[in-house]
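Let's have the full structure, built from the sequences with the hints guiding it.
Each protein sequence line maps, in turn, to chains A and B.
Residue numbering for the first sequence follows our numbering, beginning at 1 and increasing consecutively.
Residue numbering for the second sequence follows our numbering, beginning at 1 and increasing consecutively.
Since the hints were derived computationally from the structure, they do not count as laboratory data.
With a straight-line cut-off of 25 Å between C-alpha atoms, the simulated DSS-like cross-links for lysine-lysine are: (1) K2(A) to K50(A); (2) K50(A) to K37(A); (3) K6(A) to K37(A); (4) K50(A) to K6(A); (5) K35(A) to K2(A); (6) K35(A) to K6(A); (7) K2(A) to K37(A); (8) K35(A) to K50(A); (9) K6(A) to K79(B); (10) K35(A) to K79(B); (11) K79(B) to K37(A); (12) K79(B) to K2(A).
Pulled a few chain A residues facing chain B out of the computed Cβ check, cut under 10 Å: (13) A20; (14) E21; (15) N24; (16) V25; (17) S26; (18) V44.
Even for Gly, the Cβ is constructed at its ideal location relative to N, Cα and C.
Okay, here's what each chain looks like letter by letter:
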Amino acid sequence: MKNHMKALRAERDWTQADLAERVNVSRQTINAIEKEKFDPSLPVAYRIAKLFDRTVEEIFIDEQ
Amino acid sequence: MQDSKQTINTRAKRNSFGLAIWTFAWLVTLALTTFGPGFLGDSLQVAGWILIAANLIAGIGWIVAHARYLRGRDELQRKIILDAIAVALGAGLVGGFAYAAAHSIGLVTLDIGIASLCSLMAIVYLVATVVGSVRYR
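Set out below in structure tokens:
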């Protein structure tokens, strides 16, 4: 699933570790989501959206 | 959505420590059960049952600690671990039954015990965990 996480994170000058700590997941998970190797669960997607003050649909793009 | 305010790293460290303690306890009681009764002489049977009970209790503790360890990981780490468990279980079943079949028709003559099967599953689990971690790196 495509997403805008990397750009949103860069706007705030956060590292992957910073974002991981805020979302309460591992840095590996943030990296895998950004590289589109792993799709987050709904609770994690909502936490990310809330953190960036966006909706889930604005961050994650379903290509199906 | 979060079961506590602990960070994922804090929880992982605490649960890893608990898992290590229970694994060690289970291994020690297993070693005592296997090798201890040989030194006990007449009191062998009673001591044997006590050691078996201690090993089962430590084993239950180890299972609970492992479940807690798994729940304490985040969703990607949990997926990597569960995938590795599935591969290890499959390898154990497929490899074990294939060997048993080969043994029963006389293709192999070497008697291999349950410890070898457990070792195979442990090695496959470790390799599958590393492969999973590299895949999502």
